[in-house]
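Enquirer: Produce the entire structure from the sequences given, and follow the hints as far as they go.
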Amino acid sequence: MIFLMTILYHLFKILAHHWHWGIRFAILLFLLSQITAPRLRVMLENPPKTVQTTQPKVCMHTDLVHEPPESTIQMSLQLIREMGAPTIVEFFPWAYIERSPDVYDWHQPDLILKHAQNQGVRVIARMGFVPQWARPKDTSFNYIDEDGLTHFIEFLVDFATRYAGRIDHLIIWNEPNLAFEWGFLPTDPNRYVDMLKAVYEPLHRANPTITVLAGALAPTLEPEGSPNGLDDLLYLQGMYDAGAQNYFDALAIHTYGFITPPETPPDPRLLNFRRAELIREVMVANGDTDKPTFITESGWNDNPRWTQAVRPSQRIAYTLSAFRIAEGWDWADTLCLWIFRHPTPRNTHRDNFTLVTPFFQVKPIYYAIQAYARGFAMEGALWLNPPEE
Amino acid sequence: MAQSTRRIIIGAVVVGILAMILLPLLNPSEKTPAFPHGMLRIATDTSYPPYSRDVDGELIGVDIAVGRALGEALGLPVQFVPLGIDALYDALKNDRVDLIISALQPEDIMRSEVRYTLPYFDDGLVMVSNADMPITTWQQLENGAIAYEFGAYADEIVRAWSRRVLPFDKMPYELPEYALDAVRLGLAQSALLDMTTLGLYRQNYPDWAIHATYITHKPFTIAVRMDRENTFIATNDKLKELLDNGTIARILNEWMVYDDWD
Numbered sequence: 000m001i002f003l004m005t006i007l008y009h010l011f012k013i014l015a016h017h018w019h020w021g022i023r024f025a026i027l028l029f030l031l032s033q034i035t036a037p038r039l040r041v042m043l044e045n046p047p048k049t050v051q052t053t054q055p056k057v058c059m060h061t062d063l064v065h066e067p068p069e070s071t072i073q074m075s076l077q078l079i080r081e082m083g084a085p086t087i088v089e090f091f092p093w094a095y096i097e098r099s100p101d102v103y104d105w106h107q108p109d110l111i112l113k114h115a116q117n118q119g120v121r122v123i124a125r126m127g128f129v130p131q132w133a134r135p136k137d138t139s140f141n142y143i144d145e146d147g148l149t150h151f152i153e154f155l156v157d158f159a160t161r162y163a164g165r166i167d168h169l170i171i172w173n174e175p176n177l178a179f180e181w182g183f184l185p186t187d188p189n190r191y192v193d194m195l196k197a198v199y200e201p202l203h204r205a206n207p208t209i210t211v212l213a214g215a216l217a218p219t220l221e222p223e224g225s226p227n228g229l230d231d232l233l234y235l236q237g238m239y240d241a242g243a244q245n246y247f248d249a250l251a252i253h254t255y256g257f258i259t260p261p262e263t264p265p266d267p268r269l270l271n272f273r274r275a276e277l278i279r280e281v282m283v284a285n286g287d288t289d290k291p292t293f294i295t296e297s298g299w300n301d302n303p304r305w306t307q308a309v310r311p312s313q314r315i316a317y318t319l320s321a322f323r324i325a326e327g328w329d330w331a332d333t334l335c336l337w338i339f340r341h342p343t344p345r346n347t348h349r350d351n352f353t354l355v356t357p358f359f360q361v362k363p364i365y366y367a368i369q370a371y372a373r374g375f376a377m378e379g380a381l382w383l384n385p386p387e388e
Numbered sequence: 000m001a002q003s004t005r006r007i008i009i010g011a012v013v014v015g016i017l018a019m020i021l022l023p024l025l026n027p028s029e030k031t032p033a034f035p036h037g038m039l040r041i042a043t044d045t046s047y048p049p050y051s052r053d054v055d056g057e058l059i060g061v062d063i064a065v066g067r068a069l070g071e072a073l074g075l076p077v078q079f080v081p082l083g084i085d086a087l088y089d090a091l092k093n094d095r096v097d098l099i100i101s102a103l104q105p106e107d108i109m110r111s112e113v114r115y116t117l118p119y120f121d122d123g124l125v126m127v128s129n130a131d132m133p134i135t136t137w138q139q140l141e142n143g144a145i146a147y148e149f150g151a152y153a154d155e156i157v158r159a160w161s162r163r164v165l166p167f168d169k170m171p172y173e174l175p176e177y178a179l180d181a182v183r184l185g186l187a188q189s190a191l192l193d194m195t196t197l198g199l200y201r202q203n204y205p206d207w208a209i210h211a212t213y214i215t216h217k218p219f220t221i222a223v224r225m226d227r228e229n230t231f232i233a234t235n236d237k238l239k240e241l242l243d244n245g246t247i248a249r250i251l252n253e254w255m256v257y258d259d260w261d
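Which chain is which? The protein sequence lines are B and S, in order. Under numbering that gives the first Met the number 0, the first residue of the first sequence carries the number 0, and numbering increases by one thereafter. Under numbering that gives the first Met the number 0, the first residue of the second sequence carries the number 0, and numbering increases by one thereafter.
Rather than coming from a laboratory, the hints here were simulated on the basis of the structure. All values derive from a computational prediction rather than experimental measurement. Virtual Cβ for every residue (Gly too), placed ideally from N, Cα, C. Do not take every clue at face value.
Said to hold, decoys possible - A few chain B residues facing chain S, derived, Cβ under 8 Å:
(1) 11
(2) 303
(3) 304
(4) 307
(5) 310
(6) 312
(7) 347
(8) 360
(9) 362
(10) 363
(11) 364
(12) 383
(13) 386
(14) 388
Expert: Right, dumping it as structure tokens:
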């Protein structure tokens with residue numbers, strides 16, 4: 000500390016006697032601070048690309064909104080196109096775009112849309128994430144009250160209008176049957192249906208060709224009265240009981256395999272891949288036979304230690320089987336895997352859901368899905384037989 | 000500009016800089032006890048064996064044993080709070096717990112809110128070879144064979160090496176244990192896999208003499224809230240004692256065969 004004070008004392012003396020040089024030095028420092036690395040120019044593909052695929056249901060959930068450089072947005076979408084996936088689901092957080100009331104920053108969604116179009120990839124938009132200015136202090140970003148809902152509708156209408164013809168599928172909220180995703184308030188299908196009722200007509204006026212998707216419910220077995228959430232099958236029935244039917248055009252579904260193979264039969268007391276069939280049964284039972292669904296999150300995890308994960312070889316086999324099962328689901332428009340890539344390592348089992356690393360190292364599962372989607376033959380065995388003693 | 004005005008302005012700048020340096024030293028957190036609740040409250044994700052697991056209501060594993068050893072060293076009772084991984088940091092931030100011990104790697108985006116202690120284990124990838132033919136240099140890989148688990152992190156590393164290291168044979172197996180079998184049986188010169196898998200495998204082959212070299216690092220540390228400096232200092236100091244006096248190594252050896260390959 001004494002050393003530091005001595006330096007500051009001498010600095011003070013020098014500046015007092017040579018203040019002209021001090022000002023020049025400050026100007027030099029300012030100019031040097033303005034020097035930045037040249038921005039990488041990103042060229043669009045000309046002519047624009049189209050996705051070559053034999054499996055149009057193959058879809059990826061992406062995390063492009065957190066990609067700072069344009070080049071990695073393009074690289075991710077190129078890889079997705081080359082894999083044979085014609086659709087992505089991307090989250091467009093309200094708080095990122097409307098940082099203060101009526102002040103919009105469309106830069107990132109514009110970039111994503113520009114490159115998605117250039118690669119021929121369709122975008123399904125997931126909407127949510129309440130800005131601080133639109134909710135009470137000390138509430139979470141998933142908390143929305145009546146005032147907040149009014150602002151949310153305005154934002155959704157602006158979003159739908161701006162991207163009409165480029166984004167025609169909007170998912171309203173995410174997993175509202177979890178307390179965490181509902182601002183730590185008790186989960187209540189009635190309140191979520193109120194949101195659907197409020198947004199449905201304005202969105203159709205903004206974009207007459209829009210498909211409004213009810214938010215996917217989290218696969219969970221939480222019973223009535225649980226502080227954590229509510230069983231997705233019960234919650235969906237609750238939505239119908241609250242009169243949701245005429246206020247969504249399609250349903251988003253989340254269905255994870257966890258540690259079971261995709262063929263495992265559905266069971267209301269089990270969380271597995273074919274739980275999507277039970278969700279569908281609730282829809283049919285409520286007269287929504289012709290209403291489509293979009294599976295917007297699915298997949299298996301291959302972390303070596305997590306108890307809800309499988310081995311990488313199983314993950315590949317299960318994922319391909321799941322796609323084949325979904326081929327027979329005429330009620331499912333897409334089967335999207337969580338998640339294509341994270342921009343930075345998460346250092347947890349979340350990294351083991353990805354197909355491509357933050358450093359663009361492509362994992363074997365990517366090539367397996369590519370072979371399936373594009374009809375390539377996979378040559379030879381993927382691994383050796385176990386060594387014998 | 001008059002010389003006196005200049006001196007006032009420059010003086011104000013110097014005082015400002017000094018204030019910025021000195022004020023944090025007067026932080027009231029200094030006066031806060033390290034563990035104000037009189038116990039050590041630890042968040043852990045019990046879905047991660049052999050580190051943390053709930054077996055019929057009983058919590059077991061390396062992290063649980065480390066937490067108990069810390070409590071003993073600090074003279075405090077220990078309370079574990081089992082949570083999902085998504086809730087660990089929230090619990091710390093909201094003062095529901097004092098520490099997170101949960102096979103936790105430091106996350107850069109959390110560093111403004113959380114301090115991380117010394118690592119108590121490194122679960123990075125290790126290159127394993129037989130002790131009588133240890134692989135210690137890149138040159139030794141040439142024309143040799145590396146065994147690994149297909150699709151795992153080791154697979155990514157081997158694919159990257161195959162583009163820039165001298166030629167070698169790739170031997171992917173369905174399971175990492177098969178890769179170790181291949182080395183043990185002399186079919187491959189080396190295997191690449193994580194330290195935990197190696198430690199668990201060696202429980203079945205305690206007499207197998209190996210050489211291992213870390214290729215990547217994956218440090219497991221303990222997280223403490225940024226504004227709880229005394230908690231951090233007390234925890235880090237006691238953890239260092241436990242590392243130095245061999246307690247941590249003893250705990251690890253209860254769950255796997257562990258050698259300090261550093």
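Enquirer: If a hint holds in the structure, say so; if it does not, say that too.
Expert: Consistency of the hints with the structure:
1. 11: Holds, because the Cβ-Cβ distance from residue 11 of chain B to chain S comes to roughly 5 Å (cut-off 8 Å).
2. 303: Holds, because the Cβ-Cβ distance from residue 303 of chain B to chain S comes to roughly 6 Å (cut-off 8 Å).
3. 304: holds, 5 Å
4. 307: The hint holds - residue 307 of chain B has a Cβ within 8 Å of chain S, the shortest such distance being about 6 Å.
5. 310: holds, 7 Å
6. 312: holds, 5 Å
7. 347: holds, 6 Å
8. 360: holds, 5 Å
9. 362: With a minimum Cβ separation of about 7 Å from chain S (threshold 8 Å), the hint on residue 362 of chain B holds.
10. 363: Since chain S brings a Cβ to about 5 Å from residue 363 of chain B, closer than 8 Å, the hint holds.
11. 364: Hint on residue 364 of chain B: holds, closest Cβ of chain S at ~7 Å, below 8 Å.
12. 383: With a minimum Cβ separation of about 6 Å from chain S (threshold 8 Å), the hint on residue 383 of chain B holds.
13. 386: holds, 4 Å
14. 388: It holds, given that the least Cβ distance between residue 388 of chain B and chain S is near 7 Å, below 8 Å.
The structure shown violates none of the earlier numbered hints.
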